[in-house]
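Colleague: What follows is each chain in one-letter form.
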Amino acid sequence: MIKKEMIAMLLAGGQGSRLGVLTSSVAKPAVGFGGKYRIIDFPLSNCINSGIDTVGVLTQYQPLRLNTHIGIGIPWDLDRNIGGVSILPPYEKSSNSEWYTGTANAIYQNLRFMEYYNPEYVLVLGGDHIYKMDYEEMLDFHKKNNADITLATIPVPWEEASRFGVVITDEEMRIREFEEKPKNPRSNLASMGIYIFTWKVLKEALITLSEQEGCDFGKHIIPYCHNRGDRVFAYEFHGYWKDVGTLGSYWAANMELIDIVPVFDLYDEIWKIYTKSDVIRPQYLAENAVINRAIIGEGTEVYGEIHNSVIGAGVVIEEGAVVRDSIIMKGTIVGKGTYVEKAIVAENVVIGENCQIGVGEERPNTWKPQIYSDGLVTVAEDSVIPDGVKIGKNTVICGGTCEDDYINGVLESGESLVKAGGVR
Amino acid sequence: MKAIGIILAGGNSNRMQELSNRRAIAAMPVAGSYRCIDFVLSNMTNSHIQKVAVLTQYNSRSLHEHLNSSKWWDFGRKQGGLYVFAPTITQENGFWYRGTADAIYQNIDFLKQSHEPYVVIVSGDGVYKLDYNQVINEHMEKQADITVVTTELPENEDTSRFGLVTTDENGRITEFEEKPLNAESRKISTGIYVIRRRLLIDLLEKCMKDNNFDFVHGVLIRYKDTKNIYAYEMEGYWSNISSVDAYYRTNMDFLKKDVRDYFFKQYPDVYSKVDDLPPAKYNPNAVIKNSLISSGTIVNGTVENSIIFKKVYVGNNVTIKNSIILNDVHIGDNTYIENCIVESRDTIQSGQTLIGEEGKIRIVDEHSERYCM
Numbered sequence: 001m002i003k004k005e006m007i008a009m010l011l012a013g014g015q016g017s018r019l020g021v022l023t024s025s026v027a028k029p030a031v032g033f034g035g036k037y038r039i040i041d042f043p044l045s046n047c048i049n050s051g052i053d054t055v056g057v058l059t060q061y062q063p064l065r066l067n068t069h070i071g072i073g074i075p076w077d078l079d080r081n082i083g084g085v086s087i088l089p090p091y092e093k094s095s096n097s098e099w100y101t102g103t104a105n106a107i108y109q110n111l112r113f114m115e116y117y118n119p120e121y122v123l124v125l126g127g128d129h130i131y132k133m134d135y136e137e138m139l140d141f142h143k144k145n146n147a148d149i150t151l152a153t154i155p156v157p158w159e160e161a162s163r164f165g166v167v168i169t170d171e172e173m174r175i176r177e178f179e180e181k182p183k184n185p186r187s188n189l190a191s192m193g194i195y196i197f198t199w200k201v202l203k204e205a206l207i208t209l210s211e212q213e214g215c216d217f218g219k220h221i222i223p224y225c226h227n228r229g230d231r232v233f234a235y236e237f238h239g240y241w242k243d244v245g246t247l248g249s250y251w252a253a254n255m256e257l258i259d260i261v262p263v264f265d266l267y268d269e270i271w272k273i274y275t276k277s278d279v280i281r282p283q284y285l286a287e288n289a290v291i292n293r294a295i296i297g298e299g300t301e302v303y304g305e306i307h308n309s310v311i312g313a314g315v316v317i318e319e320g321a322v323v324r325d326s327i328i329m330k331g332t333i334v335g336k337g338t339y340v341e342k343a344i345v346a347e348n349v350v351i352g353e354n355c356q357i358g359v360g361e362e363r364p365n366t367w368k369p370q371i372y373s374d375g376l377v378t379v380a381e382d383s384v385i386p387d388g389v390k391i392g393k394n395t396v397i398c399g400g401t402c403e404d405d406y407i408n409g410v411l412e413s414g415e416s417l418v419k420a421g422g423v424r
Numbered sequence: 425m426k427a428i429g430i431i432l433a434g435g436n437s438n439r440m441q442e443l444s445n446r447r448a449i450a451a452m453p454v455a456g457s458y459r460c461i462d463f464v465l466s467n468m469t470n471s472h473i474q475k476v477a478v479l480t481q482y483n484s485r486s487l488h489e490h491l492n493s494s495k496w497w498d499f500g501r502k503q504g505g506l507y508v509f510a511p512t513i514t515q516e517n518g519f520w521y522r523g524t525a526d527a528i529y530q531n532i533d534f535l536k537q538s539h540e541p542y543v544v545i546v547s548g549d550g551v552y553k554l555d556y557n558q559v560i561n562e563h564m565e566k567q568a569d570i571t572v573v574t575t576e577l578p579e580n581e582d583t584s585r586f587g588l589v590t591t592d593e594n595g596r597i598t599e600f601e602e603k604p605l606n607a608e609s610r611k612i613s614t615g616i617y618v619i620r621r622r623l624l625i626d627l628l629e630k631c632m633k634d635n636n637f638d639f640v641h642g643v644l645i646r647y648k649d650t651k652n653i654y655a656y657e658m659e660g661y662w663s664n665i666s667s668v669d670a671y672y673r674t675n676m677d678f679l680k681k682d683v684r685d686y687f688f689k690q691y692p693d694v695y696s697k698v699d700d701l702p703p704a705k706y707n708p709n710a711v712i713k714n715s716l717i718s719s720g721t722i723v724n725g726t727v728e729n730s731i732i733f734k735k736v737y738v739g740n741n742v743t744i745k746n747s748i749i750l751n752d753v754h755i756g757d758n759t760y761i762e763n764c765i766v767e768s769r770d771t772i773q774s775g776q777t778l779i780g781e782e783g784k785i786r787i788v789d790e791h792s793e794r795y796c797m
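Chains as they are written, first to last, in my numbering: chain A, 1 to 424; chain B, 425 to 797.
Some clues are possibly wrong.
Which stretches of chain B does chain A cover? Using the computed rule of at least three CB atoms under 8 Å from a CB of chain A, they are [stated by the list, open to error]:
1) 658-670
2) 685-699
Partner residues aside, some chain B positions facing chain A, computed with beta carbon under 7 Å [as the list claims (entries may be wrong)]:
3) 456
4) 537
5) 538
6) 635
7) 636
8) 716
9) 717
10) 719
Think of the hints as simulated: they come from the structure by calculation, not from any bench. Ideal Cβ positions, reconstructed from N, Cα and C, are used throughout, including at glycine.
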């Protein structure tokens, strides 16, 4: 007989549109982070480190990179005879075939997957935060309170509380009220989008609300359970928890890793973060290389200069190139004599020689000013930037660009260059 | 599936000095992220040889640890797999492996129970890339009984630790001289052999009857006139790390672009056990010139012309020149290290000066306590 005390359901189907062209061809959980990781490595590593060996990963938007990254789960020790990691895309049914229309709807469509493992509890997670958390501790809290649902919460600064969904609790941490993005928050305990459900409660709620359009945990399932008097508790988490949902916060979270003693310590032996690394060779720093505050992934070759940057695996920084305050992801080449400042350059980009990137006066982006801000240059994966061009701030480049795309060899600040095939 | 593989990884060499106190040569860390045996294991798997036995004996704990899972080299298939054979006591035999031939003979059941026609025998201390199928193909074309892979030793290298080979115009080996004092040719055996499985079983049984436990003497030298033993000339980089000098030089070779590109960038790849270490971190004041740095390392000081292995901590105001720092070493502040090999898991306390003489590498093996940071 198969029996798992707690299984995890990891929601990895979202696009993460606020990351702009970084998610033009991959889902947000598959976006690279911190030199060698992908965002999904953090919740997956948390699962195995918390003793959870059965994880369903729900995919929908651009799943290919996630599929190859996760495989059968070997890097996370999730290749198991019973359990392990399963990728769960939407599938056709004899009636009622549909995409995942909401977070809870996605879980509902996989009721049979969960039933197979006969769990007592189900942990529901998102795939878009950087943190280390022991879910077992949260489960102990859930059991101790004889709870039906436990939400992980984190205290946030009061002035930011109105950006979150906050919970109001009694002295026993039982939740009395929810407030979604309140103007005048009465609490600073923000929900982290991590839930433990007692399986019977979850199953009943999902079936009852199965007709609900776009069924969502925050909007439908939890209010439904709360209103009928279920025991809903808030587990208070104290530790590093970083949303990397926008380009600005994504850039800042990467930059924090290069502090001398980073708040988020990847060098911790006890709570390792695992990832699939297909590059294992050492990195080479040449005679004229200059490195000043950086983390650098495996197999990267540096002939130029790197200041305050996070560099992925297998990158080449050619002679005379200068990279400053930037994130350069796996497999990208920065050509000779090129200057890059405050840029996020995705995977396998080829940047030509003697370019000036991230220079000039700052002007808001004319296409999507909400997304492309903070003075950042964002370059989508597999893009090509020709020799000798000048690129301003708050710009975005997507696709194989050539000299003709740059008027007088310049892409002014605030402009966007999105070539066919790479629209987003 | 023409062949099975045998990797001889049990040997020790006193030329490795203190370095072999810690581990078998096959488990020596090489080129920042690898262990020596990764090169032959990767060659095996890249040659689609799926059934491979590693024969271990000397100081094998760290080698066994490295081989604790075969999945990193993509073995562990239903057909074939990676077998690690250490000497065992049986009804008939209570000896250690008394030589290379004896080591294989003691595992003759592995040979007898296989069905592949050929056996590729290699030593675990070689650093090279080779498609063994090419050797097997030439072996079949020439209808050889045994094929020995040879290479031409560069002018400046000492031949005295190798077996020298003389061939006729067809490539047949006419002379086989082990560790000669005066060498005339520079063609040496790389310790890679291809032989038919049935013939190997036969010859090993004869060796044992004569109490001849060494493969070179008992098989190659003994049968050179009566069997067709051919040389296969291999091209490309080849090195074996049977001495401290060779070990140091092999590592330093990876600072050359052509060697690095050959192993790291050209197909096929070299695989190793994945350690799940974070990226290398460079703090302000870190200065690095012409060096290889591996993951999990944190650098605060100066590193020049050196190889830094995994999970090394380089303290403030430290200078490292022309040195090799093995895995998991902690180097305290204000230390100067030149021409040294620093042993794994070592702790170099602050303020020390460790210098090896030019041309003579110093092995640093301190056993000091590590202070908690």
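Colleague: Are the hints correct? Go through all of them and say.
Modeller: Hint check results:
A count of 0 residues in the region 658-670 of chain B with a Cβ less than 8 Å from any Cβ of chain A is obtained; the coverage claim is therefore unmet, three being the minimum. A stretch counts as covered by a chain when three or more of its residues have a beta carbon under 8 Å from one of that chain; for the region 685-699 of chain B and chain A the count is 6, and the coverage holds. For the restraint placing residue 456 of chain B at the interface with chain A, the shortest Cβ-Cβ distance is roughly 3 Å, inside the 7 Å limit, so the hint holds. Because the beta carbon of residue 537 of chain B sits about 27 Å from the nearest beta carbon in chain A, more than 7 Å, this interface hint is broken.
Because the beta carbon of residue 538 of chain B sits about 28 Å from the nearest beta carbon in chain A, more than 7 Å, this interface hint is broken. Taking 7 Å as the C-beta contact cut-off toward chain A, the hint placing residue 635 of chain B at the interface is violated, the least distance being around 44 Å. With a cut of 7 Å, the hint placing residue 636 of chain B at the interface with chain A is violated, because the nearest CB-to-CB distance is about 41 Å. A cut of 7 Å between beta carbons decides the hint on residue 716 of chain B: the least distance to chain A is about 4 Å, and the hint holds.
The criterion of a C-beta within 7 Å of any C-beta in chain A is met by residue 717 of chain B, whose closest approach is roughly 5 Å, and the hint holds. Hint status for residue 719 of chain B: holds, given a least beta-carbon distance of 5 Å to chain A, under 7 Å.
The structure fails hints 1, 4, 5, 6, 7 (numbered hints given earlier, in ascending order).
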